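Engineer: Chain order of the listed sequences is S, C, A and Z. Heads up: the first sequence runs through residues 1 to 121, numbered per the numbering used here. Heads up: the second sequence runs through residues 1001 to 1121, numbered per the numbering used here. Heads up: the third sequence runs through residues 2001 to 2121, numbered per the numbering used here. Heads up: the fourth sequence runs through residues 3001 to 3121, numbered per the numbering used here.
Think of the hints as simulated: they come from the structure by calculation, not from any bench. What you are looking at is a predicted structure, and each value in this text was computed from that prediction instead of being measured. Heads up, a few of these hints could be off.
[As the list claims (entries may be wrong)] Partial chain S-side listing against chain C, Cβ under 10 Å, derived:
#	residue
1	5
2	70
3	84
4	88
Just so it is clear, CB atoms sit at the ideal spot from N, CA and C, and this is done for glycine as well.
4 protein chains.
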Amino acid sequence: MMEKLNDLLERLRKFKRDRDWEKYHNPKDVAISVVIEASELLEIFQWIEPSELPTVVEERMDRIKDEIADVFLYLLSLCDALNLDILKISFEKLEKNEKKYPVERFKGTRRKYNEFPLEDG
Amino acid sequence: MMEKLNDLLERLRKFKRDRDWEKYHNPKDVAISVVIEASELLEIFQWIEPSELPTVVEERMDRIKDEIADVFLYLLSLCDALNLDILKISFEKLEKNEKKYPVERFKGTRRKYNEFPLEDG
Amino acid sequence: MMEKLNDLLERLRKFKRDRDWEKYHNPKDVAISVVIEASELLEIFQWIEPSELPTVVEERMDRIKDEIADVFLYLLSLCDALNLDILKISFEKLEKNEKKYPVERFKGTRRKYNEFPLEDG
Amino acid sequence: MMEKLNDLLERLRKFKRDRDWEKYHNPKDVAISVVIEASELLEIFQWIEPSELPTVVEERMDRIKDEIADVFLYLLSLCDALNLDILKISFEKLEKNEKKYPVERFKGTRRKYNEFPLEDG
């Protein structure tokens, strides 16, 4: 991974500053954009059956890359507007998840904590 | 930014490997999860008026951090499953955006390329 | 309201039957489509400030109609696949909401049940 | 279908009027709520494989009903705020779809108009 997250953030800031777009980037409107881009990412897989996924992934790789990047760039914008370090909050959340889903209980099951009886978990 | 993206990715991989959850992480289902988490992020700002945003951001900062992190962790999982470098594809997309929204035309306007007559852009 | 919901449902069934599309309409994939169309509806209002809403609504009314209809047609499809009467379940949910948000407590406040201290509610 | 759409609409209006909630129901914020509820509907099917769907549908039918109803009630609210007849716009959209996806070309294929080469459609 040659490029660095900080360089990307700087370039994203410049992109918005050059266009005078920072003023639009309040957290609610950026969160809306995260959802819209995430939904465009999902649309790539709309109606696709599990067996078709490998072919679809290959055929639509350019769109997939673009949509993942769009979601990420808005997430970074949101973190920037809120003065959050995306890596720091993600480490913290992953640590929470490690505790919330103890290995011995969740190994091999996707069932959510508290959602189901866990006898079969 | 002390923590590194590669370290986060390694820890995320271990988290999934330990629980035997990699098998569930096909691109379609992960994209669904990206949308669900993005929507939970947006829910924090549901019904909030612009003037209320600063207070809401302060009061709900812990939820905001968690939901941003959830979206990011699923994005990283998706990139990992597809063998994509999230920084590389984001640099490439930002470069596309720089060309798609030339400064002289889009400075100060949010109007989308091709969506509107640009006389006023 | 001259047209009837049952007529719409019949025509929607015929639309799918004629194209042999019923086989794709499992609940998960239809729910995905509901989200995608809902997000396209939201996209119409992306970056729009409250003061701009009346103009935007007027200018984009055709898109708004189409996207609302898309969400509704998928909801109807989902109900049909699950043998649910959309009016019946909506009356039942509205009745739940009437109890969950008692007038005396929620009049004029959007704050959700259980989410906030309600001293100020 | 004993209950009528107009009765539901009247009761929904009363629900909002009694709580003085109409003032919050601008199109952008209602569209946000449509997305959030649609995403909660999708969450019911998160990580569920095709073979698991029948059991999941049965076990979670109450949640499914509630979430479909939530999406629909917000859609109705949006139509009401915009003075739209949801049946009328849905008939019109279905008619568009009938033309956009001619039977002879789309029978048995989900591929979207304009998205793919249609040689195999």
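Engineer: All hints are to be evaluated individually against the structure, with a verdict given for each.
Structural biologist: The hints, checked one at a time:
A cut of 10 Å between beta carbons decides the hint on residue 5 of chain S: the least distance to chain C is about 6 Å, and the hint holds. Using the Cβ-Cβ criterion of 10 Å, the hint placing residue 70 of chain S at the interface with chain C is satisfied: the shortest such distance is roughly 6 Å. Checking residue 84 of chain S against chain C by beta carbon gives a least distance of about 6 Å; that is within 10 Å, so the hint holds. Interface hint status for residue 88 of chain S: upheld, as the beta-carbon distance to the closest one in chain C is roughly 6 Å, under 10 Å.
When held up to the earlier numbered hints, the structure conflicts with none and fits them all.
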